[in-house]
Amino acid sequence: MRFVAPAVLVVVLGLALLVPLLGDYYIHVFALVFTNVILAASLRPSLTCGQLNIGHSAFMCLGAYTSALLAKHYAVPFELSLLSGALLATVVGLAVGYPALRLRGVYFAMVTVAFVEVIRLIAAIWVPLTRGNSGLSGIPKPNLLGMTLATKASQYYLVVFLAAVTLLVLWKLERSRLGLTWRSIGMADHLAQSLGVNIATHKLLAFMVGCFFAGVAGAFYAHFIRFLFPPEFGFLVATNILVYNFVGGRGHFVGPIVGAVFLSLLSEPFRGSAYETIFFSIAMLLTILFLPGGIITLPGKLSGLRWGRAASAPTPSPAG
Amino acid sequence: MPLLETRNLTKRFDGLAAVQSVDLTVEQGEIVGLIGPNGAGKTTCFNLLSGFLRPTAGTIRFDGEDITGLRSHRIVGRGLVRTFQLTTLFQEMTVLENVLVGLHLHSRRGLRPALLSRRPFPRDELDRAREVLEFGGLSAHVEQPAKNLPHGHQRILGIAMALAARPRLLLLDEPVTGMNLDESGRVMALVKTIRDRGTTILLVEHNMKAVMGTCERVVVLNFGQKLAEGTPAEVSTNPKVIEAYLGAELEHARG
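Residue numbers (my numbering), protein chains in the order written: chain A, 25 to 344; chain B, 3 to 257.
None of these hints come from the bench; they were simulated from the model. Don't take every hint at face value.
Here are the simulated SDA-like pairs of lysine to any residue, each with C-alpha atoms no more than 20 Å apart in a straight line [to be verified]:
1. A/Lys-196 with B/Glu-99
2. A/Lys-196 with B/Phe-123
3. A/Lys-196 with B/Gly-112
4. A/Lys-196 with B/Arg-120
5. B/Lys-149 with A/Arg-207
6. A/Lys-196 with B/Leu-118
7. A/Lys-196 with B/Ser-119
8. A/Lys-196 with B/Pro-122
9. B/Lys-194 with B/Val-34
10. B/Lys-149 with A/Ala-212
11. A/Lys-196 with B/Pro-124
12. B/Lys-149 with A/Arg-274
13. A/Lys-196 with B/Met-95
14. B/Lys-149 with A/His-276
Just chain B, same shape as in the assembly (with noise of 0.2 Å):
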C-alpha cells in the first residue's frame, strides 16, 4: 500500500484547471520529485496535499485513509507535514521558539497547563527542539531571532520546523531554490539523512542538479496535468518532457 496515493485530483480556479486528473503515489522510505515549468500546478498540488486547498474532484489517501478536504492542522495531525516556498518563519520569533511551534502537535497544551505548570516549557519538548535544531546544524543560533539567520540557515529552519512535528511524509516546497551550490548540497543531503531516519519525501524544486541527484523517482506536471514519471534518468530523456521545459524556455524567449 502506498503511503500517499491521489486518484484523479483535480483543482479549478474559475473553470480554468490549476491541477487536473492527477494521480500521484508515493511509497513508504522514497525521495519523490515533482518537477514543471512554472505554472505547472506544483504548488497547488502541494497546497491540495496539505489541505490548503479543498480539491473540485479527486481523492487523496494517506496511509491507506481517506484525508481528501480535512482541515490541514488535522492533515499535521495525520503525519503529513508541507513546508513553503521562500522562508515562510516567525521571523520575529527566536530559533528555539520556531522549532517550539513545530512541537505544537506533540505538547502539553491549552489552559490548565499554562496556569498550573511553573514552567513555560516543559524540559522534555526544550530537549526535543534542541535535537531537531542539533539535526540541522543551527545550535549556535537557538535563541536568535529567525530573521537574523542567514538566508540558507532561515530556509533549514524551516525544513527543523517541519520535522519537528513529526512528519512521516514531509512535502518540501523549493528547498534549495535560490542557494549557491554548497548550501543546495548541504540542503540535499539533510534531505536524504531525512529519509534515512525514515520520513518519506516529496518534494517540488526547479534545480534539476539537485532533483536529479536526490530524488529515486520524478513526476513531471505540464499545465495541471501528469506529462511523465520515472527514474530521473527516464524523465531526463523523455522527448515530451524536453518539449515542455523547451517549449517554455522557447517562449519565455519570445516574450
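Okay, chain A solo, but in the shape it has when bound (with noise of 0.2 Å):
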C-alpha cells in the first residue's frame, strides 16, 4: 500500500511525457491539466488541517500577475519572476491567513470567498498596473537558464517538471510528521491541543505552502497562456479545485490529482463557457450522491460488490 501511490504517479508522469506526440492541441489540453494538478494537490494539506480553503484561485492570480509583470517590464528570467510570483502569494497568504485561520468551518471559508473577489477586483481596477479587465497582454514566453521556451511542447515539458517537484514535496510533507499534525488537527483540533500542537502555526503552515504552489501554478499559466484577464481567477474557478479534491477523494494523497485529471480532461469541451460550471456542478452533486470518498474509492467499491456478492449467499439473513 505504501508505495501504490508513488508507483501511480511514476506511471502517470511517464505517460504524461509522451503527450506531445499528439500534437498541439492536446499539449496545450494537458499543460492546463498539469496546471490544475499543482492547483488541487497544492489545496489538500489546508483541507487536511479541516480548512475549508475557497480562496486558492486568489493565490494563482497574485503568482500570475506578479511573474507576468516582472518578466514583461523587468525582463526578469523566469526562474526568478515563478519564485517572486509564488513568495509574494505565501506571504499574502500569511498575512490573510493569520487572522482568517482563527476562524472555524464556514466562517473561515467565507473569508477565503470575500478574498477571491478582492483579488480579482484588484486586478480589475488596478488599470495603470494590471490593464484592468482589458487583460494583461505581451508577457514573454517562459525564459529558463538563458533559453526562451518557444515550442509549446516545451512550455507542457516545463509544466509537467514543476507538477512533479509540486508533488514530491507536497508527498514528502504528507507522509512526515507535519502531515500527520495536519491529520491530527483535522480529526479532533482539540485533541491534538492536548497533546500540545501549536493549531494556529500549524493551520497557517498548511495553508502558506498551499498558496506558495498556488503561485507556483499562476505564474506557469501567465507565460503559458500569455495573457491575463481577471474573471478567469474568480470564485468559480476557486470552487473547482476545490471540487478537483471532493470529486477525486480526499481519502489519499492521489485523490487531488485523480480529481483534477479526470475533470479537467471531461470539462475540456466546455471550458469557458456557462456548461462548465454545470458541469462541475453536476460531477460535485454525484459523488456527494454516489462516491462520499471520491473516486479513488471507485476500485474498492467495485471489488466490494463482487465479494458482497459472493459473501452474501451463504450467509443467512437476520431478518430470515
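Two chains, two frames, some hints: make the complex.
Here it is as C-alpha cells:
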C-alpha cells in the first residue's frame, strides 16, 4: 500500500511525457491539466487541517500577475519571476491566513470567498498596473536558464516538471510528522491541542504551503497563456479547485490529482462556457450522492460489490 | 511546594458559576481524585487547568510558576497533560500514529526535517511510541486503525497518547467510566504504575470503587465549590458529602 501512490505517480508522469506526440491541441489541454493538478494538490494541506479554503485561485492570480509583470517590464528570467510570484502569494497568504485561520468552518470559508473577489477586483480596477479587464497581454514566453522556451512542447515539459516537483514536496510533507500533525488537527483539533500541538501555527503553515504552489501554478499559467484576464481567477475557479479534491477523493494523496486530471479532461469541451459551471456542479452532486469518498474509492467499491455478492449467498439474512 | 496549586479558581458562564473559589493542591507523587455529583464542575475544572477555558478569576500555579491563561499547547509543554472523557482518539489513524501525535513536543518537527529526512519518523520516535504502547499492553494492535480497537483498549490508548507527551502531572477525565470490573481494575492498576514511575495524577471519576481503591486523597466538588477534602475513608463518611450525593439522587428519583 505504501508504494501504490508513488508507483501511480511515476506511471502517470511517464505517460505524460508522451503527450506531445499527440499534437498541439493536446499539448495545450494537458498543460492546463497539469496546472490544475498543482492547484488541486496544493489545496490538500489546508483541507487536511479541516479548513474549507475556497480562495485558492486568488493566490494563483497573485503568482500569475507578479511573474507576468516582472518578466514583461523588467525582463526578469522565469525562474526568478516564478519564485517571486510564489513568494508573494505566500506572504499574502500569511497576512490573510493569520487572522482568518482563527475562524472555524464556514466562517473561514466565507473569508476565503471574499478574498478571491477582493483580489479579482484589485486586478480589474488597478488598470495602470494590470490593464484591468482589458487584460494583460504581451507576457513573454518562459525564459529559463537563459533559453526561451519557444515551443508549446517545451512549455508543456516545464509544467510537467513543476507538477512533479510540487507533488514530490507535498508528498514528502504529507507523510512526514507535519502531515500527521495536519491530519490530527483535521480529525480532532482539541485532542491535538491537548497533546501540545499549536494548531494556529500548523494551520497557517498548511495554508501558506498551499499559497506557494498556487503561486507557482499561476506563474506558469501566465507565461503559457500569455494573457491574463481578472475574471479567470474568480470564485468559480476557486470552487473548481475544491471540487477536484472532493470528486477525486479526500482520503488519499492521489485524490486531488485524479480529480484534477479527470475533471479537467472531461470538462474540456465546455471550457470557458456557461456549461463548465453546470458540469462541475453535476460532478460534485454525483460524487456526494454515489461516491462520498471520491473516485479513488471506486476500485474498492467495485471489488467490494463482487465480494459482497459472493459472501451474501451463504450468510443467512437476519430477517429470515 | 505543591506541584499544582489553584487559588480562588472561578469560572462563570453568563453569571452562572460553574467553578467557584476552588483552592486545590496536588503534591508531587500523589494520586488525587476529584469527585462530585453531575454538574459539580469537575470537567470545567479540568478545562481550566489544561488551558481549554480561561478562568474568570483566580490563579493556577504549576511547579511554582503561574500558568493562568496560558494557551493549552503551552501548558502541555510545561508537563501538564490531560485526557478526555469517553473515547477521544484520532479514529482514522493507526494506534501507532495516535501515539506519534502524542510525541509531538518531543519530536523533530517543522518543514526542514519533513523535506530533508529520508524517513517520515526517526527511529527513536518510533521506538518511544512502541515502548509506550507496550506499557499500555497495546503492542498487538500497533498497525490497526484506532477505531477498530475494543472500547477498553481505546481508553488505554487515550492514556498512552497523553503519556507520550511526557506529563509530570496527568489529568485523567473519567478513565474507567463505562468499563466492566475487570477492565477498570486493569486501568486503575495502570494508573498506579504510571504514578510509581514518577507521574503525579489527578483524576475525575464516577466509579467510586475505583476512586476509593486508588486515590490517596479525594476532593469533593458540589455546585462548583469545594465541599470536602481528605482520605477516601474520611470523605466517604463525611455527612456533607453523603448528603450531596443522596440529595442529588433524591432529586434524580423525583425527576
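Checked hints:
{"no.": "1", "hint": "A/Lys-196 with B/Glu-99", "result": "17 Å, holds"}
{"no.": "2", "hint": "A/Lys-196 with B/Phe-123", "result": "12 Å, holds"}
{"no.": "3", "hint": "A/Lys-196 with B/Gly-112", "result": "12 Å, holds"}
{"no.": "4", "hint": "A/Lys-196 with B/Arg-120", "result": "9 Å, holds"}
{"no.": "5", "hint": "B/Lys-149 with A/Arg-207", "result": "15 Å, holds"}
{"no.": "6", "hint": "A/Lys-196 with B/Leu-118", "result": "9 Å, holds"}
{"no.": "7", "hint": "A/Lys-196 with B/Ser-119", "result": "9 Å, holds"}
{"no.": "8", "hint": "A/Lys-196 with B/Pro-122", "result": "8 Å, holds"}
{"no.": "9", "hint": "B/Lys-194 with B/Val-34", "result": "11 Å, holds"}
{"no.": "10", "hint": "B/Lys-149 with A/Ala-212", "result": "13 Å, holds"}
{"no.": "11", "hint": "A/Lys-196 with B/Pro-124", "result": "14 Å, holds"}
{"no.": "12", "hint": "B/Lys-149 with A/Arg-274", "result": "19 Å, holds"}
{"no.": "13", "hint": "A/Lys-196 with B/Met-95", "result": "18 Å, holds"}
{"no.": "14", "hint": "B/Lys-149 with A/His-276", "result": "18 Å, holds"}
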